[in-house]
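In case you want the letters, here they are:
Number of protein chains: 2
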Amino acid sequence: MATTLKALPVSIIAHVLAVAGAVLVLVWCIHFRGGLAWEATNKSLIFNIHPVLMLIGFIILGGEAIMSYRGLPFKKETKKLIHLVLHGTALILGIIGIYTAFKFHNESNIANLYSLHSWIGLGVIIVYALQWIYGFVVFFYPGGAPWFRGESLPWHVLVGIIVFILAVLTAALGFLEKLTFLENSGLAKYGSEAFLVNFTAIVTVLFGVFVILAAMSRPIQVEDEYSYSSI
Amino acid sequence: MATTLKALPVSIIAHVLAVAGAVLVLVWCIHFRGGLAWEATNKSLIFNIHPVLMLIGFIILGGEAIMSYRGLPFKKETKKLIHLVLHGTALILGIIGIYTAFKFHNESNIANLYSLHSWIGLGVIIVYALQWIYGFVVFFYPGGAPWFRGESLPWHVLVGIIVFILAVLTAALGFLEKLTFLENSGLAKYGSEAFLVNFTAIVTVLFGVFVILAAMSRPIQVEDEYSYSSI
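These protein sequences, in sequence, are chains A and B.
In case it helps, my numbering puts the first sequence at residues 1 to 231.
In case it helps, my numbering puts the second sequence at residues 1001 to 1231.
Isolated chain A, as found in the complex (with noise of 0.2 Å):
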């Protein structure tokens, strides 16, 4: 399958969708839902701080953190050094992310930790970093040896992928959770808002998509140099 794909196209298609997910989720948060505050005593407003930092932070930084191996005409070291401090951002956004709904739940005596967006979010942010040390140590500082890279390597990118997916799950689900919420206090079913979330959402499962065929396709590369072995 990997031959079959250029990574250039896709990498722009979920480029856009990426910008377009950007900008439904800003819309729907400060225009919709009033907008983000890290204190106020409309607590909605700190919630707004979770799907913006989820979104932007966590699923597109993540997303091109993925797609930087592939889809940049940089040597290798560049790229890896992009893969890891993308990676590294989107989970301290993503951290920050949790936290701002935990936060929101305390504040407004809401239960924590009973959903099911909220179990399998915690697995996700669990695992992503213990992958992202994992890379670290392993690729980055002080380095394995290079059989152990190449044995690892593998493994890196299957688990990273099925991260990715769950991550982009766990996004699908808040979505629906939230919205559910919204409707059971009256918002309109078939309003302009409830329209905008589940296009927000559709938006986000595309990107994962299309992350998904870039990480699967040819890459774009300076000299012909990639193997498993060589990273």
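Simulated from the structure, these hints should not be mistaken for lab results.
Note that the structure is a prediction, hence the values are computed from the model and not measured.
Yeah, the Cβ is synthetic: ideal placement off N, Cα and C, and Gly gets one too.
Check before you lean on any hint, since a few could be wrong.
Here are some of the chain A residues that sit facing chain B, going by a computed Cβ distance under 10 Å [claimed, not checked]:
| hint | residue |
| --- | --- |
| 1 | Leu130 |
| 2 | Trp132 |
| 3 | Leu176 |
| 4 | Gly208 |
Subject to a maximum C-alpha distance of 25 Å in a straight line, what follows is the list of computed DSS-like cross-link-like pairs (lysine-lysine) [what the hints assert, rightly or not]:
| hint | chain 1 | residue 1 | chain 2 | residue 2 |
| --- | --- | --- | --- | --- |
| 5 | B | Lys1103 | A | Lys189 |
| 6 | B | Lys1178 | A | Lys189 |
| 7 | B | Lys1178 | A | Lys178 |
| 8 | B | Lys1006 | A | Lys189 |
| 9 | B | Lys1189 | A | Lys178 |
| 10 | A | Lys178 | A | Lys80 |
| 11 | A | Lys103 | B | Lys1103 |
| 12 | B | Lys1103 | A | Lys43 |
| 13 | B | Lys1075 | A | Lys189 |
| 14 | B | Lys1075 | B | Lys1006 |
| 15 | B | Lys1103 | B | Lys1006 |
| 16 | A | Lys6 | A | Lys76 |
| 17 | B | Lys1178 | B | Lys1075 |
Got chain A sorted already, so can you dock chain B onto it with the hints?
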């Protein structure tokens, strides 16, 4: 990646998860939700057919259909027949399962097709049906020219895996949506039914992960005859 995983152990874990998921969804719909019925004054019994058919009929049979190509020690023509019959059965049970959701909504005066679950689910069943028809015509009867089968196969596999992932995502959305409705109507958030539904969803997601791993694993073969072009 394909060479690092063996189909047999991965498939066995997937089968165990399939049995666990099937038992859990039946315990939920029969023990906790009062059972299944095609016609009933208690319309909830009509709804209950939906998760049972979508999980056991659509997702589990569909997953087994995907794995049958890698995990069974038969000749290619036998595996192809098993693959298309299982997928065809999954498709029919999936369509009946979706019909029961509409039937429940219509008889209970609940709006149709406003949620993310329904939108993505409808997309999944349509692509699944098109994929099945394409597979039947190109790979089974009347069958395309060898070069065309060779060109089509990687796309058939790719689209099949993406649609299966989206089907699992739709199932997770469905479990979360239904449980959120029930919790909004008073079901305990940390009660045994809520935990059962969340665990069923997690088992479903894990089944999806192991089906994908099985699809990426080294196939069990009678002869060493596996190649794209020979299918």
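Notebook entry, point to check: Quick check: which numbered hints come out false for this structure?
Noted result: Hint check: 1, 2, 8, 10, 11, 12, 13, 15, 17 fail, others pass.
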